[in-house]
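A.B. asks: Take a look at the letters that make up each chain.
4 protein chains.
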Amino acid sequence: MLIVMHHNASNEQIKAVSEAIGAMGLQAQPIPGSERTAIGVLGNQGYVDDTALRDLPGVREVIHVSKPYKLVSRDFHPQTTVVNVAGVMFGDQHLPVIIAGPCSVESEQQILKAADLVKAAGAQILRGGAFKPRTGPHSFQGLGVEGLKLLRQAGQRVDLPVITEVMRIEQLDAVCQYADVLQIGARNMQNFDLLKEVGKTKHPVLLKRGMSATIEEFLSAAEYILAEGNPNVILCERGIRTFERTTRNTLDLSVVPLIREMSHLPIVVDPSHATGRRSLVAPMAKAAYVVGAHGIMVEVHPDPDKALCDGAQSLTGEGFAQLVIELRQLQALMAGGQV
Amino acid sequence: MLIVMHHNASNEQIKAVSEAIGAMGLQAQPIPGSERTAIGVLGNQGYVDDTALRDLPGVREVIHVSKPYKLVSRDFHPQTTVVNVAGVMFGDQHLPVIIAGPCSVESEQQILKAADLVKAAGAQILRGGAFKPRTGPHSFQGLGVEGLKLLRQAGQRVDLPVITEVMRIEQLDAVCQYADVLQIGARNMQNFDLLKEVGKTKHPVLLKRGMSATIEEFLSAAEYILAEGNPNVILCERGIRTFERTTRNTLDLSVVPLIREMSHLPIVVDPSHATGRRSLVAPMAKAAYVVGAHGIMVEVHPDPDKALCDGAQSLTGEGFAQLVIELRQLQALMAGGQV
Amino acid sequence: MLIVMHHNASNEQIKAVSEAIGAMGLQAQPIPGSERTAIGVLGNQGYVDDTALRDLPGVREVIHVSKPYKLVSRDFHPQTTVVNVAGVMFGDQHLPVIIAGPCSVESEQQILKAADLVKAAGAQILRGGAFKPRTGPHSFQGLGVEGLKLLRQAGQRVDLPVITEVMRIEQLDAVCQYADVLQIGARNMQNFDLLKEVGKTKHPVLLKRGMSATIEEFLSAAEYILAEGNPNVILCERGIRTFERTTRNTLDLSVVPLIREMSHLPIVVDPSHATGRRSLVAPMAKAAYVVGAHGIMVEVHPDPDKALCDGAQSLTGEGFAQLVIELRQLQALMAGGQV
Amino acid sequence: MLIVMHHNASNEQIKAVSEAIGAMGLQAQPIPGSERTAIGVLGNQGYVDDTALRDLPGVREVIHVSKPYKLVSRDFHPQTTVVNVAGVMFGDQHLPVIIAGPCSVESEQQILKAADLVKAAGAQILRGGAFKPRTGPHSFQGLGVEGLKLLRQAGQRVDLPVITEVMRIEQLDAVCQYADVLQIGARNMQNFDLLKEVGKTKHPVLLKRGMSATIEEFLSAAEYILAEGNPNVILCERGIRTFERTTRNTLDLSVVPLIREMSHLPIVVDPSHATGRRSLVAPMAKAAYVVGAHGIMVEVHPDPDKALCDGAQSLTGEGFAQLVIELRQLQALMAGGQV
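Residue numbers (my numbering), protein chains in the order written: chain Y, 179 to 517; chain B, 179 to 517; chain G, 179 to 517; chain P, 179 to 517.
Pulled out of the complex, with its shape left as it was, chain Y reads as follows (with noise of 0.2 angstroms):
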């Protein structure tokens, strides 16, 4: 942590500063400039909460070092995290996973065309939402533990391992024992009771990025996480909020080869909700591959125009089976060396 001083601080003021950096066990190197003073703050493992330093006088701006995140952090630990999601491997070394599925499970018949359409096109892990959070109150909510059976038993079907949202702890015990994957959603990656209990299971989690959570934040959720034991984690990149309205979301795909050099987590992209609009989720999902996510998540209907959520956004079946086949030539360039 640095202090940094105002132009004209006292140097009463710069001791007091000093002292108040004793007080808390800290060591204060004060750094003499040309225009003003900044006084280095040694000794701390870790975040340090600067509440009792930066309203002192003649203080004016407290700058941060130490991140508040460090399991996470590929300073602390350069090995890449390879998650394994009954078998399916996500992670360096690994071809990027496809994950894809219904925005929510409807119906038996919905949920098991579905799964023989993704199953037969390529993907390698079915979604499908039971809980569901929606905007307004009047809309679809999901058909809950009901829904978490019908997408077990499609799962089982076309032997794919399953990932579903859990929105509350209550469902924890139940999401866990019907599906493979925890899915955190956007809305909930500041639910940090929530996050704390998923730490506590073993369960591979996908969590991903709030709308509007800094690339900080976001790695921050997932060190709760590690904080209690559970390093199965995968973050999911699915686009945040800005002035720009035309598309649902802005995908912010930079994140992907930002979030490898500063985390060793595995990291997949969710193309389909962060553009909400069929036409761009296939170059989407290339451009993700190329840029290194270690998988994506897509929508994918039976039937888009009669989805009960989010059919403007999703893949037929045919489209979701060109765009497999388009992945995979990406993959064989990519694993060739060539790109």
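Because the hints were derived from the structure by calculation, they are not lab data. Incorrect hints may have been included.
Remember, identical chains collapse to one label, so a pair may be satisfied in a single copy or spanning two.
[What the hints assert, rightly or not] Heads up, simulated DSSO-like pairs for lysine-lysine below, C-alpha to C-alpha not over 30 angstroms straight-line: (1) Lys327 to Lys193; (2) Lys193 to Lys374; (3) Lys297 to Lys374; (4) Lys245 to Lys193; (5) Lys484 to Lys245; (6) Lys484 to Lys193; (7) Lys327 to Lys374; (8) Lys484 to Lys374; (9) Lys378 to Lys327; (10) Lys245 to Lys297; (11) Lys327 to Lys484; (12) Lys291 to Lys378; (13) Lys245 to Lys327; (14) Lys380 to Lys327.
Small disclaimer: the values here were computed from a predicted structure and weren't measured.
Guided by the hints, dock chains B, G and P onto chain Y, whose structure is given.
C.D. replies: Structure of chains B, G and P alone, referenced to chain Y:
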């Protein structure tokens, strides 16, 4: 709802859209224009899901006229709602309410001292967090139920109602038992399960705007609570996330007169979380009064430099007392119809 | 400047960075910590370009302590600047200034009528656009020099100084000839050539914040003008672009007290462009007073519904007269030290 | 255009709005609904100014159906535009174009060496800034006309067309004389006078998206140029400003397929300015190819660590040569219809 067709949409495409509208039990009214045709949709009760329409051939855009909220809308309920918190009234025809107290309940001594301070200065409701959402897992997480009890004890001593945040459904019974107002934090504004459960109580609720929530989403979140039968909702603007990071958030004060036009619910302002800087709290609190807020919520700590959370944005007892004096001057001026 | 090294940076890397700092004529001061080493940079006069450092092996981050502006900083110039516009004073110890008039000068009759209205109501400076930036090419683009002459004529008739926007350098002579204050619009806030030319005059300048400009960029733009020798700069907050689009922009009022801390320049607020809605102009104007603005600029049109631009945000003569009355009440209260 | 009336708007109000529409020479078509009446506006040619309508009593909202641009819209001009830059073609049916070179022309030696490097690696157009917009007044501002001459000299030596930014109208003649493509920077995207003057030439123009410009504003800016008679416009996505500041901007790649749907103009991507970090340039450049960009523009500097501007985001010669190899692999794959 209005379906805007492409410039060169064929008559068959227009007909197909009209038929799809009919299949939804609604009426289509084509509006031919010089450049393109639009198709009005009649007969709907409230918001219509556009999934079955927006991807039909020839459709360029779907424009929603109805909003996803209705119960909270002033359009349908012109009369202002007044929320009664143990005799303290939020709403038109009532003076703005001052809510004050520390970010967190830290100890018996601290909350009692804070209660004395804010009561003496003129606050009408005591705030204090027992369950705390924190960005990183290594920060102080609140005292839990013990904190609730201390808050209630402090409120009783100084004869003030109390408000505290409820973060998850399992905490709801305890919070209802000890608190007069249930606070839903910004991170939980779209925790729809929690909103529904809170909606099943009759407890007054203070609903904070999510940090990247549009006004429409904010009002839709309140709709969840009203839809379950609880009309006692107080909205709270607490700053939105923007590119500007010198302040913690950007306090969007224009939302106050705007929401007064759009909704019948009372709205208060939290200048402490919005700005994150002590020196900005008093000016923004006064500005909130002037734009018509039904109250403010400010952080006050007996010893901000030793606060376990958010000390840097907390007022001291003296600072708060001075602010109340100035707010009362403003209030008198406004009550006299002079401003 | 502070160079933060990676956790596992080698001593050779630390040494190489120190030498690179030395090669820039500056001194390096390593600050070894428990987790990583940081290297303080001493001896710089102001902002340092970090290009030669930030990509050296082992460097994790470069943190700037000095700001890219100095002349506008209160840190170095504690005394408040007062800008004198033909006897109307902007700055501390002076009452807030009211600037009013139509978005555009449309005709002799319109601007004369507007001048009469705003003068009668109590405005101290008349505004009116002669050169207009418009988002689309098919909109009214302003009367040009003819508009300047009409504005000056109207100002003279009612004995008010006038302000108008200068959009390009070739207009500068004409605008200087006819106007008392040169307005730099939000879109030109980083038109550095224009800033420099304006800086070579002694004319008062009203510099609007760019719609996505940080406070640091805003102050840096003002620095351009001061660096050329013109100290007569009035800053103007006019709303920033955020995800919220119900209002045209989000008026960032906290910037007013914040800039008063950071800079010695006066700052005014434009609630008309910020909100884009007539009903929000008066409350936000009053809020601007309360947070310490040195003035406001509002759009007033004799017949808003027939205005050629921005009519929907313009006050009528009556609305403006009522606002001035209320602002004077507020001002009296504040002058009495009561707020 | 659609006028949405309030729920409780009276018949008189509906009639008054209809009459106001008639007074504008347009036809009103009321669409009564179960909750409210909407009024369609017929007979307009393109975008209609709503000033005279939106504040009439009973009006809740005005919804625009027509866009403020038409010449750039694919809706009206389905055939793709191909822009020819001295034989290098931007547009569908042509391979993506690689533009490369230093941020600024710094010296004869530097630009000649850069030209050699980028030519050898496979670039098709040489870039280099002669006039530089810089955030602070104390930074390197470019070599001006001398820089233009050096850039042209370097281009001729390696037989590449050149592109450089024009910042103001007075520079236009000189830039037209020496450059093959006129670049309009992000800060000037809404410098409408400049757009118009550029529109009067026949020179190819590369128009960068403003850092907070919506897609609609971006296309409207291009409309300015086309409206003056110059159809040779290449759009350029270069990142938008969001709350995320770890990268310089957020590269909005979904804009590429989206603009290809909405407009017939070619679009290229600048990953260097968008990310501001060297390590992100190559992945994002490849992603730009995959989403369908008609070209990329990257910064390459013979010695990035000594660059006078933006060195930290510049590729070295080796890095750039490697990127071109990988892009050509991608291109071959895409040309083969495999991606």
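A.B. asks: Compare the structure with the hints numbered earlier in the document and write down the numbers of the violated ones, lowest to highest.
C.D. replies: 1, 2, 3, 10, 12 and 13
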